Every structure is written in structure tokens, then in C-alpha cells.
Amino acid sequence: MSNPGTLAAAVVGADAFRAPLEGPRGARPRRALSRRNIFLYGTLIVVALYYLVPLYVMIVTSLKGMPEIRLGNIFAPPVEITFEPWVKAWATACTGLNCDGLSRGFWNSVRITVPSVIFSIAVASVNGYALANWRFKGADTFFTILIVGAFIPYQVMIYPIVILLREIGLYGTLWGLIIVHSIFGMPILTLLFRNYFASVPEELFKAARVDGAGFWRIYFVIMLPMALPIFVVAIILQITGIWNDFLFGVIYTKPDTYPMTVQLNNIVNSVQGVKEYNVNMAATILTGLVPLIVYFVSGKLFVRGIAAGAVKG
Amino acid sequence: MPSVAVRNLSLNFGAVPVLKNLDLDIEEGEFLVLLGPSGCGKSTLLNCIAGLLDVSDGQIFIKGKNVTWEEPKDRGIGMVFQSYALYPQMTVKGNLTFGLKNAGVARDEIARRIARTAEILQIEPLLDRKPAQLSGGQRQRVAIGRALVRDVDVFLFDEPLSNLDAKLRSELRVEIKRLHQKLANTMIYVTHDQIEAMTLADRIAVMKGGLIQQLDHPQEIYKRPVNRYVAGFIGSPGMNFLDGAVSTDTGAPRFKAEGIDIPLDNYRFENARPGAAVFGIRPEHIGINSGDDWPFSAAASVEIVEPMGSDTLVWTRLGGQNLTIRVSSERAPRTGDQVSVGFDPMNASLFDAASGVRL
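The listed protein sequences correspond, in order, to chains A and B. Each residue of the first sequence is one higher than the one before, counting from 1 in the numbering used here. Each residue of the second sequence is one higher than the one before, counting from 1 in the numbering used here.
Check before you lean on any hint, since a few could be wrong.
Stated by the list, open to error - Partial pick of chain B residues on the chain A-facing surface, computed with a CB cut under 10 Å:
#1 51
#2 79
#3 98
#4 147
What the hints assert, rightly or not - With a cut-off of at most 30 Å between alpha-carbon atoms, the simulated DSS-like pairs for lysine-lysine come out as follows:
#5 A:137 / B:65
#6 A:137 / B:20
#7 B:208 / B:20
#8 A:137 / B:73
#9 B:130 / A:300
#10 B:182 / B:130
#11 B:208 / B:63
#12 B:73 / B:20
As the list claims (entries may be wrong) - Stretches of chain A that chain B covers, calculated by requiring three or more beta carbons in the stretch to come under 8 Å of a beta carbon on chain B:
#13 193 to 205
#14 211 to 219
#15 222 to 236
If you're looking for bench data, these hints aren't it; they were derived computationally from the structure. Predicted model only: the values in this text are computed from it and were never measured. We put the CB at the ideal spot given by N, CA and C, even for glycine.
One chain only, chain A, in its complex shape:
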């Protein structure tokens, strides 16, 4: 600022400074159609189309009647829009003996997903909190065992769990499946919560201890309100994971209590009669709707939560 040379020049050549200087000035101009932009947006559009075309075909097909589908133009929009396939998929499609469509499976899935999500997240968040903040004896061993659990293939444990559930009388019930989902969600959720709570400054925890708060009071009053983003992440992971599960659903429940995915399979793969493509498409979209809505509603929170878990402070 007070460089004497600059000051002197400013005084002597004051007029010269007032005239606009030559050469580039301000923001650099950017061409809208530069090669970089063409590549960038071109790639993005191609990838987006790649993912969206199947969805488009599904929606279009589900809105057509069977005669129109038989014409074979799968990309053509429906000439006559009909919602009948959707109604049929939801209410009257037959699976085995039942002819009440997907609605039964939907409510089964709700009754499986909601308690599983609540139970697994409640337990895992306390696990993660205890592991991150209360360095109890054997914490590392416990954590290692839990993480190793995440790497054992599910298939290995299917039969032992069948026996276990049979012995405690929960085989074939919704509660049996809820317990299975909660247990299998535990390693990854605990890891998620532990890492998040480990990123909370340790001094905050110490301050709370000096302030006389105990294990549960610190958890509920201090930690929980700060952990909202990671709870959203966990809820999304669990809802989509449990809703989309097919394997456990088909093994640990009975036809009456089949979740939506299993019922969808039974509708789509039924061998008798004509293949009703429009009903199948509608049923598939209906089944996928719940995770889709969850993503749309909480997408922003999800990204924020993932970022919060990754970055310290």
C-alpha cells in the first residue's frame, strides 16, 4: 500500500490511471461450446440415457394394454393410456393361491422393514457410541469380531439360522425375519456409527463427563442431536437394504408373510397363462417405489451425512 514508489507514480501519473488500461480485464471469457464442455456434457447425457431408457420402457409398457404390447414397439409411447395394469398388480394379481396382488406383500414388507430399521439402528448407534467414546476393556476385540462378521458370506449362515429360529419358535414368522435383518445390519451400521462418533471432538465428551453426565445422558443429550446426518444415512441404507432383500425373505417367511420382493417374483415368474408384461412392469415399479422415494426425499441429507462421516470436525 504505502510503497513510496507506487505513491509517487500515482501522484505523477494520476490521469493515466483513470483511463482504462489495455489488455484483458475481469473474468476470462468462456465459450459455451468448447471441446471440454462437449465431452463433459456428452458423457453425462449418454450415461443418463443409459440408465433412464429401461425405466422409460417400463413406465411406457405398464401404461399400455396387452394388444398394444403385442405390436412389439417397446419404445413407442402408449396410444391409449390405461392404469388397469397398475390396479391389477396392486390388488388382484395372483400368486399361488392368493389373488390379492402386491398389496399383501407391501404391508408385509412395511411390517418387516419398520421394526428392523428402528431396532438395528437403535442398537448399532449405542454400539458405535460405546466403542468410540467409552474405551471399555475388550472394546477392540469386540469391534474386530463385529467387523469380521461383515465379511462372512450370508450363505454360510442361512441353514444354522433356520435351525436357530426353529428352536426358538420364530421360524416362518415376521419377527424371525426382523431379528435376522437386525443382526445382519449390525456390523456395517456399528462401523458407520463408531466412525461418526469418533469424529466428534473428544473434548466434548470429556466436558460432558466433567459436567456429571453418565453413559445414557451423554448419548441422548449430547451425541444423538449431533448425529442426525449419520442417522439419516443409516435409515436410508437399512430401508433400501431390507426392502430390496429377497434371499432372507424367501427363506425365513411363509407364503402368508412373504415380503413384497418375493411376491413380485412370484407374480412375474408365474408360469401359467399369458405373460402380462404390463402388469409385471407395474408391479416392479411399485416394488421399487419405496427405495426410490426414500432416495428422492432424503438425497441431500444422505450426501451431507456421508460427507460428515468422512471429514473430521
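The hints should help you fit chain B onto chain A, whose structure is shown.
Okay, now just chain B, sitting in the frame of chain A:
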């Protein structure tokens, strides 16, 4: 009866000893500063006193009561942290009341204590704000308030000013000193900043490697450091160290190095012995061209001149060794000048070259 007493305290993290058989007595109402570089165990010691770390061996007494196995809340301590550690989702008021609510203090008593604390720290207008809406200095004030409101005997400060900028730091430093004069509580204060230590402390404990090197009044530590480590750590700019040897060949002890011969008649020896030694003299105790009659004076050449405002730091070479001198800016020489430097060995410190212990 000391306010806080630490007896034979040891702490190991796994196989690594962090505190080694440490003893410390802190008087009622005393302001004690634990000073040392990072990793010296000063914060660990504070955490042990607070009860946030379990000790491996030894005892801790607060107000004569053995609190070695007590929970932090039952020790009668309040603690202030470097990162403030305010609960982000609570208002300032919520932060202050949290501990009292946990202790089941009556509502009107809580209100009274909040009012008093807010008045002492002048944070009344902030009570309904969230920590995110406060500046660094305000946050630290609230953090101090959280300790204050608990009405405890002992205050523990864990580098409370290290996250603040230089100006705010000196302001809050004065405020903490004022607070101590007003409350007259026992305070234990951890810092790596020697200025904070010198200005605040009644006594300073200089720590290194899990051991207390010297525990004394700030002036005493400044004047008579017990070893070379303490001498180098305290004082800014740092003490000059000249390598050489103490010789008693000619009767009276002298410090000799290449081109240097310092008479030690004025020096108060603690244990005089000839042999390799380090001669330490502070930059502010050396005169340049002063014309005074120093017991020791010699010619030196000026290498670098660092103006610092009121003072100027002059780097000279004396007999092949570095010697920095602090002079008032009006009297500063120019680079390349030949000057006469002089000092009184009475102000110096002599250390054994091998062990670093004061001679």
C-alpha cells in the same frame, strides 16, 4: 493442607510410560502452570487430575480427599478445554446449566448461579445464543463460565487460549488473571506458551518426558533454570549457549572457549567442577557498546539485525559462536559493524555439557 496433591503418579499407555512417578503439591488459591512442549505429558497430568484418565499407579488428593478412583463430577473440579467443547445444539444458557441439572441443583439456585457467572464474565447478552453464533473469544468465555457455574474448588485449564488469535489471547490472558484474583480458586493451567506461563503463574512446573524438570516461581525459573533444557525453553528470544569448559588452573574459576575467556568470580556456583560446560546468557543481559564496566567484554561482529519494534535483536559472532543480543532500537548497530559486547556472569547460567545440570 495442599489444595491438590499428586503422589507417585504414573501413567502408561500400553508399554509407553507417559508420566513417571510424579509428585506435585498445589497450595490453596495458587495459580500453577504446567509448561512444556507437546508430548511432555502436561495435558495427560491434567486429565489424570480431572479423572478423565485412569492412572496406572499413585494417588491424587483434592482438598485432602483421596479422589484417585472418583468420577470427574465428584472431584470438585471445573475444566476448560482448548477447543471450547461447547455443546453445539444447546444455547449458552443450556451449556451453563447442563452440569447443574445433572447434579440436581434446584431451579432457583441454578438461576442465581447463571446470573452471577454471566455477570462476572459479561456474557449476559449471549445467554440465548448457540455456540455457532459466537466468536472464538466469546466461546472461550462461555467455556470458562461452564466451569465457574459449578462452584468448584479447583479450575483446570487445558490450553484454553491456543485456538485464539494473538490479540484476543493477550486480552483473555488478562481476564483469566483478573478472574483468579477475584475468585482466589486453585487453578491449574496447561500451556506450551511460555509468555502465558510467565504472566499468569504463581508457580510454573516445566515438564519434559513425563517428568517435572523444575517447579518454582516464574522469576526464579527465568533467573536460575536448573538445567539446560529449562534454560532453553524459557525466555524469548532464547538464551545464548556457548560451548567451552570451566577451568580452575589459575585459581579463580574461568569459562574458556576459543577466543572467549570469562571470569566466573560473580557466578553463584551450586556445584563447581572443572570440565566441559555450557555457558548460558540471556540476550537481554548483554550490552552493546554500552561503555559500562562489564566484568566480561569482547569484540564481536554483527551478522544480522532484526528490528522488533521496541527492541532489536542483534546476531553477532563471538569467537566463532553465535551470540544474540537484545538492545533498544535506538542503540542498534548496523550489519557488518564491529561492536564491543559485555555482560555480567552473575546473570548467566552454567551447565554441565554432558548432563545439562546447572553448575
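Structure-based check of each hint:
no.: 1; hint: 51; verdict: holds (8 Å)
no.: 2; hint: 79; verdict: holds (5 Å)
no.: 3; hint: 98; verdict: holds (5 Å)
no.: 4; hint: 147; verdict: holds (8 Å)
no.: 5; hint: A:137 / B:65; verdict: holds (28 Å)
no.: 6; hint: A:137 / B:20; verdict: holds (24 Å)
no.: 7; hint: B:208 / B:20; verdict: holds (11 Å)
no.: 8; hint: A:137 / B:73; verdict: holds (22 Å)
no.: 9; hint: B:130 / A:300; verdict: holds (24 Å)
no.: 10; hint: B:182 / B:130; verdict: holds (28 Å)
no.: 11; hint: B:208 / B:63; verdict: holds (27 Å)
no.: 12; hint: B:73 / B:20; verdict: holds (26 Å)
no.: 13; hint: 193 to 205; verdict: holds (count 3)
no.: 14; hint: 211 to 219; verdict: holds (count 4)
no.: 15; hint: 222 to 236; verdict: holds (count 3)
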